[in-house]
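Participant: Add chain B with the ligand to chain A, keeping to what the hints say.
Each chain, written out:
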Amino acid sequence: MVYVFCAFYGECSDLIKHYNLKKRQSDKHYRFDVFENEVSPVKIIITGQGAVLAASAVSGAVSYFGIDGKDAIINIGTCAGNYELGSVFLCNKITEYVTGRTFYPDMLIKSSIREGEIVTVSVPVKENDIALGKLYDMEASAIYQAANIYVGPHKMGFVKVVSDNGNYDNLTPDMVKTIMADATGVIVQYVDDFVEVEGKVEVLSSSLDATYVNQLCADLHCSKSMENQVEQLIKYLSLEGTDYKTYIDGLYQEGKIPAHDKKNGKVCLDEIKGALL
Amino acid sequence: MKSKEHYSSFSHIYVEEKIRENPRVKRILEHFPNSNRIYINHYKDVFNRSKQSVVAQHNSQALIIAEKTGAKIYEGAPVCQSFGNEHFYYTSCMMNCIFDCEYCYLKGMYPSGNMVIFVNLEEYFAELEGLLKKHPVYLCVSYDADLVACDSLTDYIREWIEFTRKHHNLTIEIRTKSGRCDLWENNDSCDKVIAAFTISPDVVSSRYEHFAATTAERIKAAKCAMDNGFPVRLCFDPMIYCRDWKHAYEKLCNDVFEKIDGAKLWDVSVGSFRISQDYLKKMRREEPDSAIVNFPYDNVGGYYQYPKGLQEDMEGFMVEKVAQYISPDKIFRWETQSK
Ligand code: SF4
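Residue numbers (my numbering), protein chains in the order written: chain A, 1 to 277; chain B, 1001 to 1339.
Accuracy of the hints is not assured; some may be wrong.
To be verified - Label pairs and their computed distance ranges (CB to CB):
(1) B/R1284 - A/D33: 37 to 43 Å
(2) B/E1005 - A/L171: 30 to 36 Å
(3) A/E127 - B/K1026: 32 to 38 Å
(4) A/D192 - B/D1227: 23 to 29 Å
(5) B/N1048 - A/E84: 35 to 41 Å
Since the hints were derived computationally from the structure, they do not count as laboratory data.
Yeah, the Cβ is synthetic: ideal placement off N, Cα and C, and Gly gets one too.
Chain A with its partners taken away, still in its complex shape:
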């Protein structure tokens, strides 16, 4: 699942429309607005402005939805910078202004989005404080840190759209919506690429026939360490494409399995190893 975190609804309303997501009924255990549907691999969560809310939204989502290392977390939103309004950036370096700490999401998935460095500040940055070549937001470093407790830097993405040059007083919700609407095409492409690549990784991962292994362990009277050996052996043989079931079925037919006791079980295990390795 790809979890997209945005500070404001206006930053993602078109994305919500694109993925045909509906607002989830509010829940006292998770106070942030969540947009989802039953089939979409994307959920969008509105965090509110600033680091504390952003970090709370991420860590709350981790426990509420059971986010783990297989899921991805993407932060999408607006930022300030000396660039043309509407310019879209993928952040390859995030600096937390108050501490000076830096964070680096992996840049693995190909994207046409231009890359840039972002500084996360605690109050909106003013025109004169904007450094050349830098972007400014109020959530990215907090989202990185909260997410990184559970997911790796290869599972994070930060996409920011320039909404102002530090003159945010003139910025209206409608302007934000328009700027983000214009960027929706490239953002959707980025999110979809993430979904596609992640999906492929999951399909690759083979699953062990746990029921078979458990039954075999029980029939061999395995100790804990023998159980590990059996599991590792079956896993290896499956990966090698070895037809272990036919051989082991033979041992069942000969009456060697179920074994009488642990000692006999160990003899059987050695026999299986000897024959199949």
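Facilitator: Leaving out everything else, chain B with the ligand in the frame of chain A:
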């Protein structure tokens, strides 16, 4: 495996701010004019991030260019073969490798799959000179990386050969799975620079040693180094189990000694795959679909290795085969650490 959704290797290069103007850094960067450059404070800010996926990063390996601080020359670890050398050391002027062997211990040892090049080679030389004042040194310079494979970026092979030539009590080993011949042809030979080639059967190299040279290319490169006057070591280490291992390693032996005169080899090492339990644990998490890391190894004193009988069979078989071509006193077997 690389796919079209991923950036190509070194599309992203992290450079420590303090060495931005270093000529070596500039030379390396010239190779990648279209890369995204990200300036960083310290290489560990990128290399040591938590929860990295070495496997995912190998899909689009980033390059980190840095300056090595602290100790640079280390004493050899117990699982390293010392080849009877008393003062056995290793060094890493790079970390990680452009090749991607599934069984590579670096995947278990390092927190990152990205590659680091340290550019302060002169400081390595200075530390080494300190050691050389005390005693002779046998140094593996290509241990936690493959220096030969990346030499077009660094030119370190030439630098190491020249340094070794100037120091009578230094012997170095440069180990590789690269098929490059030009380095051995274009550098003046030195009898204290051992060119070591890890050679695996086709079935192993094609299945597990991704992007490394083919077996035939490695044999050719070894011959090339030998013909150009370098002492050559062949490493049948790690030997990797496969169902038809006897046939695979027998064929490998035939292929090698059809091209290479065993009598002219410096020595040969033989050892089956073994790895620290902590590294393998991490690799099993990272590579759940790799047969080789999921083999049911035995844990002996914190190191995973093939079950005793199998280990004996594989290593014994190989020693016997190799002994047909090279004097037994030149065959080093890992387990016994004796000739
Ligand atoms: S060539 Fe050596 S260092 Fe490189 S990936 Fe293979 S085993 Fe690791």
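Participant: Please list, smallest to largest, the hint numbers that this structure does not respect.
Facilitator: 4
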